[in-house]
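Trainee: Residue numbers (the numbering used here), protein chains in the order written: chain A, 1 to 600; chain B, 1 to 398.
No farther apart than 25 Å at their CA atoms in a straight line, the calculated lysine to any residue pairs in the SDA-like style are these: (1) LYS379(A) - VAL470(A); (2) LYS213(B) - GLY525(A); (3) LYS171(A) - SER523(A); (4) LYS213(B) - ASN522(A); (5) LYS61(A) - LEU88(A); (6) LYS295(B) - VAL493(A).
These stretches of chain A come out as covered by chain B in the derived footprint (C-beta under 8 Å, 3 or more residues): (7) 439-452; (8) 505-518; (9) 529-539.
Label pairs and their calculated CB-CB ranges: (10) ILE317(B) - PHE487(A): 21 to 27 Å; (11) LEU98(B) - PHE487(A): 57 to 63 Å; (12) LEU193(B) - LEU126(A): 48 to 54 Å; (13) ILE317(B) - ALA267(A): 39 to 45 Å; (14) VAL345(A) - GLU357(B): 52 to 58 Å; (15) ILE317(B) - VAL345(A): 32 to 38 Å; (16) ARG492(A) - SER217(B): 51 to 57 Å; (17) ARG479(A) - ILE219(B): 45 to 51 Å.
Read the hints as simulated data drawn from the structure, not as lab findings. Predicted model, so just to flag it, every value in this text is computed and none were measured. C-beta atoms are modelled at their ideal positions from N, C-alpha and C, and glycine is treated no differently.
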Amino acid sequence: MRLVYKNNRLERVLIAVNALAAGMVAATFVILFGGFKEPLLPNFVSYSLQVVLLCVFVVEKIIRLSNAVSKKDFFRANWFEIPLLLILGVAAIGAGRWFALTKAEAVEVRHFAVGVYLILQVVTKLCRTSVNLAASGKSPTQTLIASFLVLIISGAGLLMLPRASTGENLKFVDALFTATSATCVTGLIVKDTGRDFSLMGQVVILTLIQLGGLGIVIFGAVFALLLGQALSLRESAAMKDLLSARTLSRIGNMIAFIFVGTVFIEAIGAVSLFGMWNDVPGRVNDIHQQWFYSIFHSVSAFCNAGFSMFGKSFVEYNRSWQVYLVVCPLIILGGLGFGVLYDLVNIAADRIKRFFKKLFHKQYRISMETPKRIRLQSKIVLSVSAVLIVLGMLAILLFERYVSQGNPAKHNDILGALFQSITARTAGFNTVDIPNLSESSKFVLILLMFIGGSPGSTAGGIKTVTLAVVIMTAVAALRKRHEVEMFKRSVRVVVVGRAVTVTLLFAAVLFSAALALSITENSNGFTMSEIMFETASALGTVGLSTGVTGPLTTLTDAGKLIIIAVMLIGRLGPLTLLAALTFNIKPARYNYPDEAVIVG
Amino acid sequence: MNSLDNLFIAVSAVSTTGLTTVDISEHYPLLGQIVILLLIELGGIGYMTFGSFVVLSRGRRLSDLREGISMNVFSLPKGFRIDKFIRSVVIFTVIVELAGAAALFTIFRSAGVKNPFWNSVFHSVSSFCTAGFSLFKNSMESFSGNFWLNIVIGLLSLTGAVGFIVLVDVWRRITGKIHHITLTSNIILRMSLCLLVIGTVLFLFTEPLMHTKAPESRIMDSLFQSMTAMTTVGFNSLPIGSLATSSLLILLFLMIIGASPSGTGGGIKCTSFTALVGIIRSTMRGDTRVRFLGKAIPQRRVQAAMANIGFYLFVLILGIYALTLTESSAFRDIFFEAASALGTVGLSTGITSTLTELGKLIICVLMFVGRLGPLTFAIALSAKPLPPDDTVNPDMAV
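Bound-form chain B, shown alone:
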């Protein structure tokens, strides 16, 4: 165990990625595993949310700056009560994770897994925070036929990835408090569903490994694998390293797009992807405004989305190039590893443990950059005073 591996695991946990250079169930005692779990939890809900929760519980208000930062992290719409919101986020998280853990407990116990209590808590948190850390050596490969496990892990990851706001929005719509869910929620739900279905269908029909399996387990495996790539959770029920090139490309596509901006997942985010589709559509129609679902999207938002995607891809390309220099692995492994790290996914074709020291550092940087958001990173790097005509827009969330 050297310090670089510890650093790697820590970064991977805080960024909720799930790439590991060593087998954590073997190399870390229970205490180490608890630390990893805490890092995941902290990273997943956002350490800022946690910090503000502590502040709130003492009855103090958040400073303006902190509130602004929290706005950024959670991509809040205008007029959101931040303190109330954070409290409900944490309560919601705890409830979901407890429910998940309870469900997993029964599954693990009936499957005869050692130490089912700790395993169920760990995997519940790991799925909800879309981290994808697993205490099993081969992730979820031994459970690939277990229907209920697939369902529970899938629901937990989707809940985490879709995000708090959207679920609250949907809940309020169901209980009749509001008549329409917001445009953002609408886009997120539709796009996530769309990506999930496309990924599953493509995977189902192109992966040669699937031809040997029974139809229902084929569908379940494809769905699970697409889900873990899209939500950036990063569990795998199939051996990723032995998948065909076409399947890896499908997973890459899903990993790069990633989850929704309000959740714990990574990637360029499905809203940015929607903005892309919108730009292409409006340009094709000769329309100067970008519309989606009949609503115009402000130019600045679209530009921010473009910049975000541009930087994401730029970092990805740089990362791949750097890795091709330090590693002797095949291009597909490197591409997959870099996209997985930047998207904070955690799927791997199996080269993580054989990375060179420089390679590990590059992956760490990618995970870090992928978590903080390339754009946040870039803005922090090139902080410049705004031009005078440009009044600060408090609701500019990117």
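The shape of chain A in the complex, shown without the other chains:
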């Protein structure tokens, strides 16, 4: 959704003003809540600054409206501003007059309304800028990497503020580790999220998870759409040809779908989780805290982050039905990816429409357009995910003697194995103590973590589709077929090359990182399985740990930095690689002569 403006110079000035204002908003919030123990500025100065900034944003919108060539387009692009402004305006003005509130409460509500508006403004502007940059096709990869780095570094900065942690200030490495882990939706920790961070720190972590999760999904969707175009144009077209109006509108639709879908699913998740905290008495008593925990775990599960407020994840809650009926579906939905969800929603809508047409319009029974077909991508994702969940569960269940410690009820065994199988790709919650699992189960988990979720989702790993392509390539070679075939469709050679490359590079990174980690931790005496498990967990952005990381970690700083790097590579690597492979194509105009070479 690119708007066209009449006066470009004015637009440029506005962009600069916006950037400045956004920076100041962030600064006021840091001063207000970021909490230095002694406030740097009196609170009323910060509040008045915020009001000024609010005016700046409103004026900016008005100038842009008058500057826009098409007013209709402008309203369409900013549709949510008007109701938002209205609601917040009513809340702010009406606080003292129409609602029965004390004066202090009214002031509070006004501050809150201003704050919410400012935050939303800054967040939407940031999102829009990064999406525009990504969609402009000039440097999607750099934009992706830069936005993640900015997010991580600012997150680390916020986490280092005195009021973010309950104890003493965080060390830089620990803050960076936590911020990276949250932004990359991994879930590995070096501090206890529930105990070592104050509410403010937890909110920062939650925000990082949400932004990191959404970011990767949006970039994934944009890349996938552009990639689809690139493939259909035989890979030779330049990027500017790909950005047809149709692609842009599809990107817009997709992003809207992602936002609405995320909020909708996470809201349902949070509401369903609410009852769970009473199952273990004494942990979460305060009702506000219960709501916060519900939202936190819902977001964490849907984004496949695996951050938990409890030091032992869901081990204490392993008898709550919500863990299996709410958290598991959230993880699976998050791991399927929005491409598949979009496809499923479309098809479901189509089927329902057809059903009602059939019911009420007799003539449709005979002449009917062909029903929408489920895409190959979705077919592969759904079948591979189902197979992996079941296989993983069976592999763990059949030989795991320790699934439910001190609770040998048979059904709990199955549930425990099922949960571990789901969470290993690549959420990272656990209902059993991972260090107590047998070596075989750990090995199964390592494999599942390496495979990961599906493309276009918040999950990590090499991705289900990649696995399917690699397996089918081997099958094709065995059956002496020239083409790699799946579901009666053949897969392009280019795609096969990419799948193989991604898998091998992942394996190479896993191996080198495990090697590097074992070198830095030589004095720590971790076993090979612990190191492999940890590396796979970081690379797949999972967050399960056998104890190498955790609140009581003895990891060296070098080791922490290695894990940070591995998390970043695991998160950004596949997409960057995909983009690099798609957008930097220089077709060679010559081929060298063939010569036989022996392999095997």
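Fit chain B to the supplied structure of chain A, relying on the hints for placement.
Mentor: Frame of chain A, contents of chain B only:
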């Protein structure tokens, strides 16, 4: 001595692995040791080569099928005279092993080893066939400082691992009969050298055990250990079980890649590894063809390499999983043991003798599969008629 252990030793010998559940110098008399040596020799040169040598000496030609199979085993390029080739292979083997035995004889005698003659013959054959069987209880640990022994064993193993074709190729290049060595030989030599250097350097700088030793013996030990892992011979001059995790990972990496396809070693083979590197490079460049050293590699070969590696890793993963179920050992021991068996290496962290019966069987299967080549195995399992458009490609060696 039960029959399972005998089976294990036999499989280990024929597959030139070198894993042993019992100490062979203690449990087998000289006759048993000779049998083991013959199995190694047969397995090493390839029993098919031996069989065809017998046939050749009677003056009969090989059947087409046998010739085809021999092509497969030795990964021959097009237009190779198989009968001549086999004769020279055997002569070459005997000469190298005799020379090795002579060199080892002087070393063992001056080191005061009992029965130096038999020991030198046994170890010479064992190194050349990259088997790694040893008559000493602790493999080569007591010789870790012996410069000449390290050199002789290293040269023998490298000769065996690099393979007959490559050496002949190099010899012909040196004598000026040809102007360029073939692409395959070139790849094999470069990749082997590269892996050896990388392995040695990494090992040298990361193994904590090394800090206590003198610089020259550090280099020698690292080189020897990397060499035995890469050539899949499997002798050890350092106690493998007490190495650090990082060193084990380096050895695992070398063991999985393994030797060259023309030699007696195992692993996915360095040519397959090269194909992998080539695929990654060409995909990164957005190139549809895989190139190496300026030459394009046919798509089918690359695909075969992929399938080979895929199956190798698949078998390895299955093997590790099965072993984690039957054994109570630590993951690193199991991983190492499985990779060692599948790569027909023979290095072990010391759990071979304490394996359960099922575990021994699994290792046997891994050694067997690792020797025959996962792909050969898989093709044999899923033998299907070729599609009509696919004319049989006689030079398709995998």
